[in-house]
Amino acid sequence: MIRVESLVKRFGDFTAVDNISFEVRKGEIFAFLGPNGAGKTTTIKILTTLMKATSGRVEVDGLDPVKREHEVRQRFGIVFQDPSLDQDLTAWENMELHGVLYHVPGRVRRERSETLLKLFELWDKRDALVKTFSGGMRRRLEIARGFLHTPKILFLDEPTLGLDPQSRNQLWTHVKKQNEADGVTVFLTTHYMDEADRVADRIAVIDHGKIVAIGTASELKRQTETESLEEAFLALTGSTIREEAASSADQMRQFARMWRGGGRR
Amino acid sequence: MSAIYILWLREVKKYTRSRVQIIASLGQPLLYLLVLGFGLGPVFQKAGRGSYLQFMAPGIIGMAVLFTSVFSGIALLWDRQFGFLKETLVAPVPRIQVMIGRTLGGATVAMLQGLLIVVVCLVAGFRPVSLPMIPIGILFMAMIAVLFGALGTAIGSSLQDMQGFQLIMNFLVLPIFFLSGALFPLNNLPKALAVVTSLDPLSYGVDGLRGALIGAAHFGMSIDAIVLAVVAIALLCVGAWRFSKIEI
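Protein chains in written order, with the numbering used here: chain H, 1 to 265; chain R, 1 to 248.
I should point out that these hints are in silico values taken from the structure, not numbers from a laboratory.
Where hints are given, some of them may not hold.
[Stated by the list, open to error] Pairwise CB distance ranges (calculated):
(1) L167/R / E71/H: 39 to 47 angstroms
(2) E71/H / K13/R: 27 to 35 angstroms
(3) L172/R / H191/H: 38 to 46 angstroms
[What the hints assert, rightly or not] Just a few of them, taken from the derived set where beta-carbon distance is under 7 angstroms, the chain H residues facing chain R:
(4) R68
(5) H70
(6) Q74
(7) F80
(8) D82
(9) P83
(10) D86
(11) D88
(12) T90
(13) L97
(14) V100
(15) L101
Heads up, the beta-carbon is just placed ideally off N, CA and C, and yes, glycines get one too.
Generate coordinates for the entire structure from the input sequences, incorporating the hints supplied.
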């Protein structure tokens with residue numbers, strides 16, 4: 001479903017993604033793990049047409065994201081690291097808007113929105129403005145929205161960041177359910193090893209822009225002779241804390257988070 | 001096309017929902033209209049120029065449309081900060097459609113705001129001289145709204161965060177308003193001021209509104225319409241180009 005060959009992305013003299021290759025099979029849940037600044041989000045941005053690679057070959061459902069941008073966009077759903085809902089619209093309106101942008105015909109759109117909002121336990125709140133939602137509800141709405149146009153692939157970039165264990169648990173249950181029902185391929189990144197251990201069929205560990213290991217959770221544990229995925233991860237990536245230079249976009253996100261903390265914009 | 005429509009609808013919905021903001025936004029025009037209108041009225045009258053309220057009402061309508069349309073363009077920065085912009089930019093929709101939907105939505109909102117100010121002006125005692133000319137006045141409002149909506153989009157696409165906002169306000173939007181002749185007649189001005197006012201697109205907007213609403217245009221309504229149309233098209237192109245360059 002996804003094929004990446006010798007992918008390189010440089011920003012000036014900094015190499016964010018350094019010659020990585022991997023493949024994601026149809027219908028599998030594939031986790032991308034790595035410390036801060038390892039190149040996870042950069043890879044996702046390249047796969048989702050938001051960024052151009054410096055070199056290498058990328059295929060999403062057999063298509064080149066640069067040359068066939070729109071077709072590729074129609075094929076995936078994405079839940080970003082940061083929220084991307086319109087908080088001044090209702091849950092239902094956010095779904096509607098997404099459906100129209102993805103060319104989902106009216107009747108199908110309304111039916112699927114209803115099914116998904118019910119599945120993600122948001123149906124009772126469909127006419128409430130998103131700004132009144134809790135963090136967990138917003139996350140669920142984003143994921144429900146990501147499924148609306150029946151994507152072949154769903155990208156989840158740290159979808160559980162900042163959620164309590166209950167919401168995290170519920171969210172993965174839903175994703176897993178949808179993966180089994182639709183056969184949708186899921187490509188996720190997370191910092192929580194227990195999540196990857198629980199939901200992912202295969203895991204790739206990336207560090208300093210390179211893939212250091214790839215395989216099932218038990219393969220990774222066996223390879224590093226460790227008991228848990230957390231230990232395996234630390235064995236593969238070392239235990240030094242990574243300093244990530246904050247870009248202006250990051251600073252802005254923090255600013256936006258501060259604002260959101262205060263309630264209304 | 002449906003993408004343009006839904007993004008347009010979003011802007012309009014957001015506007016009609018923000019009742020408190022609508023009421024708040026009436027404060028400034030009211031202040032100008034009542035305090036300047038009645039405060040400077042007697043002097044204006046003595047100078048033999050008739051009613052100042054009649055004269056400045058089209059200027060205040062122009063001001064309301066200017067502010068609302070520029071700000072709804074700059075609201076792009078909010079969508080960037082709150083993340084919604086990403087949702088529209090990663091959708092399988094050409095960016096130009098996203099830009100057009102947003103800009104038209106912002107322009108519609110600015111029109112609605114302008115019409116609200118028209119009502120306020122009528123309450124304050126403003127009387128348009130000819131009813132059949134009112135649609136022409138609305139047409140000028142629409143041109144002002146699209147022109148400055150496109151300018152707002154161009155600015156919003158070029159700024160990274162809200163830091164530049166004050167700069168834009170003080171060195172662009174307010175000068176556009178003050179130099180437009182919204183508050184003073186454009187004839188017999190000092191040379192330098194006359195040149196600057198004739199370079200301000202809003203001058204033509206306010207002038208067109210005056211032509212339609214009080215039957216007194218300085219440049220002439222057809223010149224006003226041509227200048228507005230040309231500048232609006234140019235700014236739409238700049239806006240579309242800046243919007244296409246946004247990186248997230």
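How the hints compare with the structure:
no., hint, verdict
1, L167/R / E71/H: 39 to 47 angstroms, "41 angstroms, holds"
2, E71/H / K13/R: 27 to 35 angstroms, "30 angstroms, holds"
3, L172/R / H191/H: 38 to 46 angstroms, "43 angstroms, holds"
4, R68, "10 angstroms, violated"
5, H70, "4 angstroms, holds"
6, Q74, "4 angstroms, holds"
7, F80, "6 angstroms, holds"
8, D82, "5 angstroms, holds"
9, P83, "5 angstroms, holds"
10, D86, "5 angstroms, holds"
11, D88, "5 angstroms, holds"
12, T90, "10 angstroms, violated"
13, L97, "5 angstroms, holds"
14, V100, "4 angstroms, holds"
15, L101, "4 angstroms, holds"
The structure fails to meet hints 4 and 12 from the earlier list, while all remaining hints are met.
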